[in-house]
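Residue numbers (the working numbering), protein chains in the order written: chain A, 71 to 224; chain B, 794 to 1111.
To be clear, the hints were calculated from the coordinates, so they are not data collected in a lab. Hints are supplied without guarantee of correctness; some may be wrong.
Listed below are the simulated DSSO-like cross-link pairs for lysine-lysine, each with C-alpha atoms no more than 30 Å apart in a straight line [stated by the list, open to error]: (1) B:1018 with B:1000; (2) A:75 with B:979; (3) B:850 with A:197; (4) A:120 with B:944.
What follows is each chain in one-letter form.
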Amino acid sequence: MKSDKDELRNHIKNMLREQFGVEEIDIDLNFKEMGKRRIYAYTNCGLELKFRRVSQGIYFGTIEGDGLRLSIEGSFLVGPMAKKNVVEISRYEAERWMMGEDLERDLERDLERDNLEVKNSRYVILKSGSYFLGCGRIKGNKIINFVPKNRRIL
Amino acid sequence: MPEIESDTQKLTSELYNINPEFFERYSKIDSSEKFIEFMLKPLRQSFRINRLKAEPKEIIKNLSREFELERIPWCEEGYFVFEKSKRLTKTIEHQLGLIFSQEASSMIPAIALDVKPGMLILDMAASPGAKTTQIASYMQNRGCIVANDVKYPRINILISNLQKCGVTNAVVTMMDGRSFGRYEEKFDRVLLDAPCSNIGMIRKNFKYLKIWNIREVEGLSKLQKQLIRAAYKALKPGGVLIYSTCTLDVKENEEVVEALLSTSDAEIEEINLPVKARPGITKFEGVKFNKEIRRCLRIHPQDNDTEGFFVAKILKPG
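Sequences are here, hints too, so could you generate the full structure?
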């Protein structure tokens, strides 16, 4: 019988495959759900010692009604394996994005170039060079910003 | 004709006026003019590239457009940075967690710890997490780090930095470090970057000079001796324990290592890194310490133009 942990792991893996074409994550990640559908990722380190744990792992993303929205760190973990829905942006755009601004995009042009499937998922991973900048949500010709305030360039 | 006071003399009298007790104490440890000069000089800014997220090449290329960078000789992924018009904290590299602002000498303990992916590591006083995230990058997120701190506000900063650096293999605990002695011979490596009087930090903030007093040093020394014994107990035979502080007082450094050596089978190993340092002090205020203590690294501010630092690499035979 599969545990809840295995079920969540499979669910996340399926979402990553469907949304971003991620077939395999190259690190042995486990997931746990905390709070309002917030997903945390941690490496299974086989620690047998008993401690009162304050926290383990990092915030990976949130399961929204319309898909999985990755955090900046979630995008770094799976971005290198993503085969679709990755929008390449310039350094200038990356700086605007990190200031918390939405990005104006010609999505007709980007659909083919960035292998976008906006019908199935409206979340895209933002990438500049080898940097991953989290997820944005496509709305019209805009990519809506989700960079948390404490990570923005002010 | 009155003598013209040199800059160093002026600085010395400035330092003396802020805290005469400190001045008298430290003149026994380093009475050179250079020591005073560098203690009062603003600290050079430095950072470390977080290899969990990116390789250095692209980051260095991007940052070099806006900053003057100089590689830190003892840390492959560490750089001194000279800000021009922009601040490092205003870069996307900083906000994405691709780089971590960290004082150059404080990069030494994690290097000396000699970690390998898959190991079980205890970082006994981990907050704010600079060394924890450095260790995680050397482990490539494989294995396990127990990152502990005793105070809740400090734990929050630690968790935030682990998140920013993408560390997935850390378990954060909030315990009194002394209680780790009960996990006997369980850890491959232990880092004890001990709570200290923060003298090395004077270059960052003069408040550490103002608040320094010998009673606090004595209290800290007692706590550090209890912590180092617990750390050594938790270490597996054949394992490595790094004891470090950002202070230069003998009571908080050599005397603490001596307390461990005199009550255990611990051995000191030399740290071979391209860093200018002086040997550990083996005689202070009439008290002689074990000669092995010479193998510890004592870094004074003028040695590398960094903050003052002390590092001991301790081996458990087995």
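Hint by hint, which ones does the structure fall short of? none
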